[in-house]
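Chains as they are written, first to last, in my numbering: chain A, 1 to 431; chain B, 1001 to 1316; chain C, 2001 to 2283.
Treat the hints with caution; some may be incorrect.
[Unchecked claim] Covered stretches of chain A, going by a simulated chain B footprint (3 or more residues, C-beta under 8 Å):
1. 86 to 95
2. 241 to 247
[Said to hold, decoys possible] Pulled from the structure, derived: some chain C residues nowhere near chain A, Cβ distances all over 10 Å:
3. Ser2022
4. Val2028
5. Phe2062
6. Gly2111
7. Val2182
By construction, these hints were calculated from the structure, which means they are not laboratory data.
The beta carbon of each residue, even a glycine, is placed where N, CA and C say it ideally should be.
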Amino acid sequence: MKGIKILFAIAILVLALAPVGAQDVTTVSMWFSEGSTLDCWGPLMLEFNDVDPSIQLEIVPQADTWNVTRTAVAGGGGPDIVRTPGPSFVYEMAQAGLILPMDTFAESMGWGDFFFDWALDLGLVDGQLYSLSDELETLVMYYNVEVFEENGWTPPDTMEELNALAEEVEAAGLTVFSHGNASWRPTNEHFVGEYWTQVAGPHKVYQALSGQIPWTDESLVEAIELLDAHMQAGWYGGGVDLYFTNDGVYRRTSLAEGSAAMNIEGSWAIRGTVDYFGQSGMTWDWVPVPSHDGTDYYTIGMGNTSSINANSPHPEAAAQFLTWYFSPETQGKMLTNCLKGPAPVAIGEDVLGALDPRIARIYAELSDASANDRYGYTTWTFWPPKSDVYIYEEIERVWTGEITAMEYSEGLQELFAEELAAGDIPPIPTR
Amino acid sequence: MAVLTQQKPTTVFEKLNDETWRRKFLRNVLIPWLFIAPLLILHIYVVTVPAVQGIYMSMTDWKGVGQNANFIGLENYRELFFEDETFGKAFGNNMIWMIFFLTVPFVLALFAATMLSQIKRGGMLYRSILFIPYVLASVVTITIWKNLLNPQRGIGAALDNMLGLENTFGIAYLGRPESALMSIAFIDNWHFWGFLMILFLAAMQAIPPVLYDAAKIDGANRWDEFRHVTLPGIRPVVLFMFMMVAIWSFLAFDYIFLSTQGGPGGASEVIATLLYKNAFFRFEAGYGAAMGVVISIFAGFIIMIFVTLRRRGWDI
Amino acid sequence: MKKAKPWTAYIQPAIAYILLISGVIIVVVPLMWAAAASFTPNHKVFEYAYPFSWRALFPVDFTMEAYDNLFERGFGRAVGNSFFLAIATVIIGGAANALAGFAFGRFEFRGKQFLFLSVIMLTFMVPVDLTAIPRYILVNSFGWINTWQGLLVPGLANSLVIFLFRQFFAEIPQELIDAARVDGASWLRVLFSIILPISKPVLVAAGLLMFISQWNSFFWPLLIAPRQEMRVVQVEISLAIGQYGTVWNELLAGSMIAAIVPILLVMPFQRYYVQAITGTGLE
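Pulled out of the complex, with its shape left as it was, chain A reads as follows (with noise of 0.2 Å):
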């Protein structure tokens, strides 16, 4: 009998949380990862609510956040606003109906006043708009200023540069990258799609994923050797063995401690590498990824995307806080305040005048060589998801010696040859 009362109180349990009856405000939801970064974004962001008190944001920390929104949103729930991790994720759930075009919203809200042109294109499936980029990302090389000074050393230019600057870095007993997968296993994707763009140039790139040549074009196939061979060398980290046991502690304390002398990492790093060396008293710069013939090529990302959920009872109030949160004065106020990497928008002069110009000159470099022909790719933004992932997986077959740059690179162009073929592909810009 106790079974009976014991429902009962459960049933009355459940009638007492019900959720009140609906008020005139609107609420928008959105799923956010917690840890530490809600600390400087969630405030920022809440600000929103004072903007029109009708609609209200409402975020919710969610550990495990895109496989819980994958699911949910597939199950017809999940919050109104959908983050995901990629524009290839986007893709699919677009296929799916399971998030909103928001063309009409782009067009009423004048969206395409501040973003840029290619960033709303890189959101668009089928010709319709489903995603706008919350951060606009990119790779430089990171170092020590205290290291190179100490031994003499300059930053490297080309790869031939960064050859003989090597060579000095170990003789002086230091790692020549600080890096390591431990934490992130996709970081190898980073490298294998840098070396691409550095090694053969963002043209080849350009050719091969748009299908004009295969994957196994000889100066592809040399940039994924050049790679092996660096690894092998035991640049990254130290030697192949330790490059899959470094984390992402180590990465960030090596480099700021001045025990490794670089870092090929993204602009998402900006953050840590501040926070570490704040705490080693080292002073960080940067110079861009050293490539083949001299050129700074910046190879662009996207990280995290946004998308109004198919079952969003108020897609409306959904796009007007989208409107809010990517104009650049929001993005600014995050950038300055929280390092957050901006979405690609068109951020105040006066904004970046006032950030530290290490990190400001990052995202000037960045927009000079996407207006010149001097972008490239980044595998997680221009790639589809079944390449993708081999890219990152497979690269490791090559580093532990099981198949050779050439076998990854067929195999690479089989995938890849299916995938074009059946239309899965991410929009690529035209150059």
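Please arrange chains B and C on chain A, whose structure you already have, making use of the hints.
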């Protein structure tokens, strides 16, 4: 029809009037199903429907989002068994995993339980301590051990330091293809064996002390005692856990995914990690579902073995 | 008849004890690090773990900061939620599983074997995450998102528990039941007045199993009840892990608390666990 009814007077109404038949019906049909009904309703709703859908998905090219799935028959299975090399490798790793877990934790647990069963004082404390790892969340266990096994800053490096060696113990256990899988098995075992030990220990305490006394009178030494008294006494638990561990070996996922994600270079890939990647990163949910079905077939196979053995009179 | 030589008499236990003690060390050292780190300010958690030294086993700059933060954020409520859910699972799920186990163990009916095997086997259909989508759709169609029944109901059916019940009930001597049936007792009567009193071991074991599995559940609660007031323990802990960094001391502090509850429950009742599995509970 009419003729038949006349010959065999068993219409439903007549049956209901037949006392013995009614009893039989109650006993053999109605009551059992009434007992099972609550569970069955729950089960259908939570397990059966999703599982059957999973089986159907495994015969489609479903991507994991949305409704568009085309029926493709057994194509996924064909690809799985005849084309996908990584699946074969993952399956092999599952077998290694199973062999490891059917031996190492059992030996450890039997040994520790035997030792602890003889300790009179503080036994509870030892037990509690050895059991704690079992209730820690996998994320936490992995975090701890990733740090302790780190080549530059872990225990191995500290040991090297102490002994004046270099790179002897401080090696990248999780970063080398030849040792990655075993290192994760070590970590998972660290978490798991205490559970086995507790089970064995409790079983040992249920063995009547008279049996040990009798063995002593026969002049048995420790080993004889263990072999002829302890082991038979706890056999049902050991065998039951053999079955469970064999099944769990095919489900192994979180420890591997959280520590290496199957790397380096697929060295620690198992079916469940492969399934996960296919379903959620490669948008091949139908293909992933096929792997899920294969795993459950294996689980069923293992259960069948035990059910058969039990029918043949094994005390399981 | 063997006679132990004097040296083996000492060596054997010595080796055994050394092995046992080293086993305890391997278990205890990581635990001590985790416990110590939970009492250490977050930025100092790895101070002595990198490189590892004995000092890592004791808190650096002892602080309750992690625990304070956790409880400020609502950890106490999460513990309460998990406890309530686990108890409800034990009672409701226990009843359903026990009835089914009884039917599987004591009754003969058509399709029993098939039903039993399929019930058990389908449970091993992995992964939870994949079957989560159809399940979510179902629960969503009931309007059960962010409700207690949505959290509770999917955790009620437990194949391992059914298995245990079936085995235990199958071992009960037929005479015991026959005697009662002859006296005209109904099956429910038999269950409540004869079976239940002798079923303490299996009830406790099954209860513990269900309690722990509900206590440790993570993905389903995460999915089905994102509302802050409904978070369970494991979900609350996992919030310490973020996309851009992890609050280590809070993660470890939460895990310490989450681990204590099952240990307190399991230790006093451990022998029932085994009695249920071996079916020796009738002695």
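A quick look at each hint next to the structure:
no. : hint       : in the structure
1   : 86 to 95   : holds (count 3)
2   : 241 to 247 : holds (count 6)
3   : Ser2022    : holds, 25 Å
4   : Val2028    : holds, 24 Å
5   : Phe2062    : holds, 21 Å
6   : Gly2111    : holds, 28 Å
7   : Val2182    : holds, 27 Å
The structure is consistent with each of the numbered hints, conforming to all of them.
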